[in-house]
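Trainee: Keeping their order, the protein sequence lines are chains A and B.
Quick note: the numbering used here has the first sequence finishing at residue 854, numbered continuously throughout.
Quick note: the numbering used here has the second sequence finishing at residue 854, numbered continuously throughout.
Since the hints were derived computationally from the structure, they do not count as laboratory data.
Heads up, a few of these hints could be off.
The list treats identical chains as interchangeable, and a pair is accepted whether it falls inside one copy or across any two copies.
To be verified - Calculated pairs, DSSO-like style, for lysine-lysine (alpha carbon to alpha carbon, straight line, at most 30 Å):
| no. | residue 1 | residue 2 |
| --- | --- | --- |
| 1 | K802 | K824 |
| 2 | K685 | K473 |
| 3 | K646 | K789 |
| 4 | K735 | K496 |
| 5 | K496 | K611 |
| 6 | K476 | K685 |
| 7 | K629 | K685 |
| 8 | K685 | K469 |
| 9 | K844 | K598 |
| 10 | K646 | K685 |
| 11 | K732 | K789 |
| 12 | K802 | K847 |
| 13 | K789 | K629 |
| 14 | K496 | K685 |
| 15 | K646 | K611 |
| 16 | K844 | K828 |
| 17 | K735 | K834 |
If you're wondering where the values come from, they're calculated on a predicted model, not measured in any experiment.
Protein chains: 2
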Amino acid sequence: MRPTPTLLSLTLDAALLRIARLQDLSRIPDHLLVDLFHRTISAGKLTEKVLKLFLATDCEEIVLLVQLLNIKQPLVPVLPTSMSLIFQDSEVDIVIAALQPNLTSFFEAWQPFFSRFHIIVVKDPDMAADLKIPSGFDVKVYTKSDIEGLLGATSINFSGHSCRYFGYLVSRKKYVISIDDNCLPAKDTAGMTVDAVTQHMINLKTPATPFFFNTLYDPYRKGADFVRGYPFSLREGVECMLSSGLWLHNADYDPMTHVVKRNQRNTNYVDAVMTVPLGAMMPVSGINVAFNREVLGPVMFPGLRIRKEGKHRWDTLEDIWNGLCAKVVCDSLGYGVKTGLPYVMRSDAEAGKALESLKDWEGVKVMDNVLPFFQSLKLSRTAVTVDDCVKELASIVREKLAPKNPIFAKAADAMEEWTKLWKSHGAQNA
Amino acid sequence: MRPTPTLLSLTLDAALLRIARLQDLSRIPDHLLVDLFHRTISAGKLTEKVLKLFLATDCEEIVLLVQLLNIKQPLVPVLPTSMSLIFQDSEVDIVIAALQPNLTSFFEAWQPFFSRFHIIVVKDPDMAADLKIPSGFDVKVYTKSDIEGLLGATSINFSGHSCRYFGYLVSRKKYVISIDDNCLPAKDTAGMTVDAVTQHMINLKTPATPFFFNTLYDPYRKGADFVRGYPFSLREGVECMLSSGLWLHNADYDPMTHVVKRNQRNTNYVDAVMTVPLGAMMPVSGINVAFNREVLGPVMFPGLRIRKEGKHRWDTLEDIWNGLCAKVVCDSLGYGVKTGLPYVMRSDAEAGKALESLKDWEGVKVMDNVLPFFQSLKLSRTAVTVDDCVKELASIVREKLAPKNPIFAKAADAMEEWTKLWKSHGAQNA
Numbered sequence: 425m426r427p428t429p430t431l432l433s434l435t436l437d438a439a440l441l442r443i444a445r446l447q448d449l450s451r452i453p454d455h456l457l458v459d460l461f462h463r464t465i466s467a468g469k470l471t472e473k474v475l476k477l478f479l480a481t482d483c484e485e486i487v488l489l490v491q492l493l494n495i496k497q498p499l500v501p502v503l504p505t506s507m508s509l510i511f512q513d514s515e516v517d518i519v520i521a522a523l524q525p526n527l528t529s530f531f532e533a534w535q536p537f538f539s540r541f542h543i544i545v546v547k548d549p550d551m552a553a554d555l556k557i558p559s560g561f562d563v564k565v566y567t568k569s570d571i572e573g574l575l576g577a578t579s580i581n582f583s584g585h586s587c588r589y590f591g592y593l594v595s596r597k598k599y600v601i602s603i604d605d606n607c608l609p610a611k612d613t614a615g616m617t618v619d620a621v622t623q624h625m626i627n628l629k630t631p632a633t634p635f636f637f638n639t640l641y642d643p644y645r646k647g648a649d650f651v652r653g654y655p656f657s658l659r660e661g662v663e664c665m666l667s668s669g670l671w672l673h674n675a676d677y678d679p680m681t682h683v684v685k686r687n688q689r690n691t692n693y694v695d696a697v698m699t700v701p702l703g704a705m706m707p708v709s710g711i712n713v714a715f716n717r718e719v720l721g722p723v724m725f726p727g728l729r730i731r732k733e734g735k736h737r738w739d740t741l742e743d744i745w746n747g748l749c750a751k752v753v754c755d756s757l758g759y760g761v762k763t764g765l766p767y768v769m770r771s772d773a774e775a776g777k778a779l780e781s782l783k784d785w786e787g788v789k790v791m792d793n794v795l796p797f798f799q800s801l802k803l804s805r806t807a808v809t810v811d812d813c814v815k816e817l818a819s820i821v822r823e824k825l826a827p828k829n830p831i832f833a834k835a836a837d838a839m840e841e842w843t844k845l846w847k848s849h850g851a852q853n854a
Numbered sequence: 425m426r427p428t429p430t431l432l433s434l435t436l437d438a439a440l441l442r443i444a445r446l447q448d449l450s451r452i453p454d455h456l457l458v459d460l461f462h463r464t465i466s467a468g469k470l471t472e473k474v475l476k477l478f479l480a481t482d483c484e485e486i487v488l489l490v491q492l493l494n495i496k497q498p499l500v501p502v503l504p505t506s507m508s509l510i511f512q513d514s515e516v517d518i519v520i521a522a523l524q525p526n527l528t529s530f531f532e533a534w535q536p537f538f539s540r541f542h543i544i545v546v547k548d549p550d551m552a553a554d555l556k557i558p559s560g561f562d563v564k565v566y567t568k569s570d571i572e573g574l575l576g577a578t579s580i581n582f583s584g585h586s587c588r589y590f591g592y593l594v595s596r597k598k599y600v601i602s603i604d605d606n607c608l609p610a611k612d613t614a615g616m617t618v619d620a621v622t623q624h625m626i627n628l629k630t631p632a633t634p635f636f637f638n639t640l641y642d643p644y645r646k647g648a649d650f651v652r653g654y655p656f657s658l659r660e661g662v663e664c665m666l667s668s669g670l671w672l673h674n675a676d677y678d679p680m681t682h683v684v685k686r687n688q689r690n691t692n693y694v695d696a697v698m699t700v701p702l703g704a705m706m707p708v709s710g711i712n713v714a715f716n717r718e719v720l721g722p723v724m725f726p727g728l729r730i731r732k733e734g735k736h737r738w739d740t741l742e743d744i745w746n747g748l749c750a751k752v753v754c755d756s757l758g759y760g761v762k763t764g765l766p767y768v769m770r771s772d773a774e775a776g777k778a779l780e781s782l783k784d785w786e787g788v789k790v791m792d793n794v795l796p797f798f799q800s801l802k803l804s805r806t807a808v809t810v811d812d813c814v815k816e817l818a819s820i821v822r823e824k825l826a827p828k829n830p831i832f833a834k835a836a837d838a839m840e841e842w843t844k845l846w847k848s849h850g851a852q853n854a
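Working from the sequences, and respecting the hints, build out all of it.
Mentor: Right under this line is the structure:
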């Protein structure tokens, strides 16, 4: 005759029956949890989901049991690998600067990745022809008259690649992703088409680690971690505010390099994301970029414009200057900046044209002034918001750089103007 | 009747006949060079080699002609891609710390890459068993009695992984490459076995770029370059002194991470080399490392030894400390440090054993003291050699860190001792 079961035993049996549907075991005392764990194993009910449920209790005995029994643990990345779980369509705007009228093939190629999101298209104010955008997208187009209507007279030049910044101003979302209209989705080394939107969101939603370099790159990536010697106090990381993606095929070179290496194409898919360390400066390219608009908006401006800047990426320094300002501000406020994945595939339609304006390009001299300036820059501890930092930065640019070249005085003007525009137009959130 | 040829024309014809064998055209006046170039094309003799010959003259008209005629230029990397051309077998020593007696499979696996070089094997002084090394290598083995015989009484502990530093002391070569004895050659993404020696030498022989981050990674690599915005004044780079390679399979984690992620293996082959930026600190691992011994020797010491340090990599901090010291010194003297390729394949023989000594491991606390120290460290401008820097560094360690934990006082002792040992034993070159 079987002994009469205890009430406790019956309760545990009842729990075991429903184990696959339970959401939380953390309130069960440790010794009962261990008992339930053994019963679960005996009953053949230890699925991956159930194991996670037990591990989530942080009960030391359970952790030890799992090790001793050599139970293969489900990989538990810091974040779920399917990022769609944790970012909402409503958090993201895609901003596209239209420098060519026909965006049909661009939109068709990006359809699988863009169609979930609201898309802001800003038409280059210098371009007369009407835009062609296929149907099936949630698109709002802004034109020259929208820019003038909203902003009135402004010292900021929104023509060419700079028009995308107007999109940052009118977005109401937390995150903005911007990709040049001559880029198509890239393929990774396995031949899979890269979802640049999701990768940017992973970059922005997982922490950055600017205070120590991790030799295995992004420690939050599936299959990676912090290497030996990485201080534990730094393993929580900081919030990532800017994600600077890369390009395959036609690389982002200056006019000289384009001319010298006209037949060279970037084919090296480097499967890594990394935080650019504190204090290290980098050339952020506007080709393929994402950022936290709510926080970083006041520093995402078209500030520096070289005199003969045209419609080509190799002409511009506006994004490089923007990136240096953003990096200095992030460093000062303890935020992170990442570079690496995602790649986009850049068309080489303009690759051969760099020779035309080679002699006029003043980017060479400019950068040799700009970099030492940023490297020696320290923003004061009293600048505690991005807006504070930009105002201070603008005044230092006016003092230190403007005497060297009038384009820096104009950059300081634009930066100050931008902080006002941001306050009146950009700062509202959805 | 054909006109009588001029002497000049005959000379050019003669040159054309021998064009494939000429080594240098730089002394030919530009207008004759252009004439010869046209004749070469007409004669169908413009091979890749000949084109290089013409381009090497730096004659502007030739460069323009090549562009106008849209002649596909041969890729001219900054360095020849076959590095065997520019590094000598006699420049390199391979240093192996033998922590296990049977090195047969290790040497057999590395045979294609090691057999050209002199190999220094340092036997862990704690290991009694005789070493097994296959024949066919130029090997010199150093044992406990060699260490004691050469150095006499020393405060430096050369046991365990630290024995390899004795090899650095007795090497007479310009470069040293050291790989742990539980590592085998890795395969790249194309399935090709990686020649770690050549990759380390490429890293050391091409410049490093610590002053600005290049988003396309190593700009000197074939197919890569400096991206737009990279200041031209920084494109020559600086000399690279240290190359920190990586590991596939069993990653280099601390004991905690090994226990938590006992089933996780590093499978992500990231095809990149990068300079760790000025001021950024990183955890250099001794598993797979190479350096310029002539310059960096005085800072390549086993300084920090945690109390329960055993024979496992996850026990040690000696290489992490070494790397931080080397990085600070390189930063101060304007040298570069690279990380990334080459990978080696690390065996996981020891992967499961980390749990045993988990509770005793004091690496957690130690690194949380060490990193802020190195990050705030500035060596004085009067320290102009690596030896100067190490002496200054040792005294700052004694002043700032030693009061926190006696292992730092021992580290300072070891660093001072090492500078003396280096002067008397290490500083001679071949």
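Trainee: Compare the structure with each hint and give your call.
Mentor: Going down the list of hints, with the structure as the test:
Taking CA atoms no more than 30 Å apart as the test, K802 paired with K824 passes in both settings, with 13 Å inside one copy and 26 Å between copies. In this assembly of identical chains, K685 and K473 lie within 30 Å of each other by CA distance solely across copies; the values are 17 Å between and 53 Å within a copy. For the homomeric pair K646 and K789, the shortest alpha-carbon distance between copies (27 Å) is at most 30 Å, but the shortest distance inside one copy (43 Å) is not. For a Cα distance limit of 30 Å, the shortest separation of K735 from K496 across copies, 27 Å, qualifies, whereas the shortest one inside one copy, 55 Å, does not.
When the C-alpha separation of K496 and K611 is checked against a cutoff of 30 Å, the pair qualifies only between copies, where the shortest distance is 26 Å, while the shortest distance within a copy is 32 Å. For the homomeric pair K476 and K685, the shortest alpha-carbon distance between copies (14 Å) is at most 30 Å, but the shortest distance inside one copy (53 Å) is not. For the identical chains of this complex, K629 and K685 are inter-copy neighbours only, at 23 Å across copies versus 37 Å inside a copy, given an alpha-carbon limit of 30 Å. Taking CA atoms no more than 30 Å apart as the test, K685 paired with K469 passes between copies only; the shortest distance there is 23 Å, against 61 Å inside one copy.
For a Cα distance limit of 30 Å, the shortest separation of K844 from K598 inside one copy, 20 Å, qualifies, whereas the shortest one across copies, 59 Å, does not. Within a single copy, K646 and K685 get their C-alpha atoms only as close as 36 Å, which misses the 30 Å cut-off; across copies the closest is 12 Å, which meets it. Taking the shortest Cα distances, K732 and K789 sit within 30 Å of each other inside one copy (14 Å), while across copies they are farther apart (56 Å). For a Cα distance limit of 30 Å, the shortest separation of K802 from K847 inside one copy, 24 Å, qualifies, whereas the shortest one across copies, 40 Å, does not.
Taking the closest pair of Cα atoms, K789 and K629 come within 30 Å of each other only across two copies (29 Å); inside a single copy the shortest separation is 37 Å, beyond that limit. In this assembly of identical chains, K496 and K685 lie within 30 Å of each other by CA distance solely across copies; the values are 10 Å between and 51 Å within a copy. With identical chains, the CA atoms of K646 and K611 are at most 30 Å apart both within one copy (19 Å) and between copies (21 Å). Proximity of K844 and K828 under a CA criterion of 30 Å is satisfied intra-copy only: 26 Å inside one chain copy versus 50 Å between copies.
Taking identical chains as interchangeable, the C-alpha atoms of K735 and K834 lie at most 30 Å apart only when both belong to the same chain, with a minimum of 19 Å there against 62 Å between chains.
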